[in-house]
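The lines below spell out each chain.
There are 2 protein chains.
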Amino acid sequence: MKCMLEDLDRLMGQHGLEAIVVHGESTFHNPEFYFVTRAHLARGGVYLKKRGESPILIVNGVDLGSARRGVVERVYTYGERGFDKIMSSHGVDGLPIVFSKLLRGEGVSGRIGFYGMVEANLNMYIVDKLRKMGYAVDSAYSPVLKEAMATKSEREVEALTRVGRRCEEVVEHLYSLLQRCTVTRGKVMFQGNPVTVGLLKTSVNSFFAEKGLVPDEGYILSTGVKSSDPHYTGGEEDLIKAGKPILLDVYPRGPGNLYFDVTRTFVVGKASRRVKDMYNAVVEAFKASMDIIREDLEAAEAMNTACDVFERRGYRTLRSHPNPENGFIHSLGHGVGWSLSDKPTLSLFSRDRLRTGNVVTVEPGLYDRKVGGVRLEDVIAVRGKGILKLSGLDVPFEV
Amino acid sequence: MKCMLEDLDRLMGQHGLEAIVVHGESTFHNPEFYFVTRAHLARGGVYLKKRGESPILIVNGVDLGSARRGVVERVYTYGERGFDKIMSSHGVDGLPIVFSKLLRGEGVSGRIGFYGMVEANLNMYIVDKLRKMGYAVDSAYSPVLKEAMATKSEREVEALTRVGRRCEEVVEHLYSLLQRCTVTRGKVMFQGNPVTVGLLKTSVNSFFAEKGLVPDEGYILSTGVKSSDPHYTGGEEDLIKAGKPILLDVYPRGPGNLYFDVTRTFVVGKASRRVKDMYNAVVEAFKASMDIIREDLEAAEAMNTACDVFERRGYRTLRSHPNPENGFIHSLGHGVGWSLSDKPTLSLFSRDRLRTGNVVTVEPGLYDRKVGGVRLEDVIAVRGKGILKLSGLDVPFEV
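Each protein sequence line maps, in turn, to chains A and B. Quick note: the first sequence uses this note's numbering, first residue 36, plus one each step. Quick note: the second sequence uses this note's numbering, first residue 36, plus one each step.
Among these hints, one or two may not hold up.
Note: identical chains are not told apart, hence a pair may lie in one copy or across any two.
Cut-off 30 Å, straight-line C-alpha distance, at most; resulting in silico cross-link-like pairs (DSSO-like, lysine-lysine) [unchecked claim]:
#1 Lys305 - Lys222
#2 Lys311 - Lys322
#3 Lys167 - Lys120
#4 Lys120 - Lys322
#5 Lys322 - Lys164
#6 Lys136 - Lys420
#7 Lys164 - Lys276
#8 Lys261 - Lys120
#9 Lys120 - Lys405
#10 Lys276 - Lys236
By construction, these hints were calculated from the structure, which means they are not laboratory data. Since we're looking at a predicted model, the values are computed, not measured.
Could you build the full structure based on these sequences and the hints that come with them?
Set out below in structure tokens:
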């Protein structure tokens, strides 16, 4: 963990911060708080780190055991520090007092950055009170932790690859389910019954559980024209029909609290010419954008490469049209690992520059309201002049 | 939905707010943002509501379909409002401009409350910029949305009860697994093999999936002395032994994006005298605190009632000792539904007063580092002079 701490100090220096505070009601779904503590704190707490010094973590007594299994060595409960008494006599007004006591205890007098997924009103209330007491809480955009989290270590890349493999097994599971179906008069059937998205989801849900994956933001299993809405997650009653796209996009949390993201599109039977053309264009954009990705590339250039491919083939893109209803209507990719929105972002307007250790999705897609959606998605790590593929399942488009 | 909107206007008036903004990177794990939109927005957005007027919601184009399936009628994409161009030429600095344009567009000039689970640094950056432009962003603690969310409608209570029933089925599932075990020389065995927490969890995981429950903050299945750490979630290798407590605490998200929370403790075979005494004390505290809960009660009084029971029986509590290692070492309960930390809180220092429609857990427990933990937990709704039980599974302690 020493490596991460040293990097934090460097980033804090870059942003002119003497200290960082990371807090929240929980470390679940609070990636920055989990990143600095590596602890599952169901009742949250406060993390404080002064530049060049070791951090301190204050937690609810009930989470003390969990906190000690994390990476912070100086762990205390609110009770031990007398903070529960402050809260009892002041209620919510006690919070700024608690933060102030902590900051004073660590001798912080310079600029302080506040981080973590925190309820906006509560965080501003605490910060505004601290400012009135004379603390210099940062007003600038100083994404110290997002920057630290954007670069994954070798070990983290390996752990992510293992989560990725499980995600691929989910895709393979759906593929094998579809293989066992038959087609009767255009309807896809299983054991004499028409196949619905609900039926497939029941099986996929259990498979996630079996693999130790938690789809905590859901997952997408959409089909036919409805799959032309890229974030439509799929309706129970939606019927699977021969020749129509079936889109599976899984983005669960796996062991180590790490997120991964994989998409494949299938067609049972023969795809129509139009869908086939869309698929071929997506494959080309997929390969072309992966080919260009390397250290020092402007992230927007990867998106531009995908747009080049689609526009050359006559499809609309976010770049060619302001609000395209059809075509390539979303960004190419996003950082993934500690959350589903790590840095960098592969979008038209991204100002990120790629660095070795960045882990991003590459997910070109085409959508047509009369036909449906086709998308492919894998995760890659930037590695000097090229990339390392963390996933890359080779599975046929037509089942 | 009209009812909710009217209540928001009233609460905004009470807190002296002309407008509220709710935002975030996603509506997942952002209960306030989901509450006002009732939409699954994977790429988040900005919600703005002026008092007495209908709200407006701005989303990423990719989430437009999902946004329209929610409750806000005035939905636009960043592209439609020209905001993507601002972001493209200004990067992150474009965000305060976007918020300012939105506020001006709705004619907001008075006090504005900011809400939602938002990365603290980013939110403060936006707010501080808006303040420099002359906007009066609230500095007070004004939990308008937490207050609105603390009172559940009849329909929400019914939906929660259905999620509760599924949670009870998970508990019954574990009970039936334990029933099928045998005891050989103090070891709990299944089909000739010693039973571990990992083995039980594999089965419970699949059962969650089957029931459409997502345990997105995990769940607790702990046993023996390790269960004396109330938030220890259980280790794969932990062995189930006869006579030792087995604690199952499930708090998944169910249909309607609603959370529920149920705990039962089991012992395979005969419990020791000490564990039996703990169990009886927990049952008494459970009943006594439920008996006292009614409208207008100070929430801390429910906690005090549980402490009374435990202290009378000679156990330590958070009230009798500052940092008890053993005894009743956590709070009695918390609001549940939109999140696992809705208001009100049944803790010693809570300043909440109970109201009809509040939905809270009641979860007394006793912990002994030499023995383990015993906890019971159900969810109740406050209903005038009494309560409505949303769960209440009757299952034996000794299996």
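Check: Among the hints numbered above, which are violated by the structure, and what are their numbers in rising order?
Finding: 5, 6 and 7
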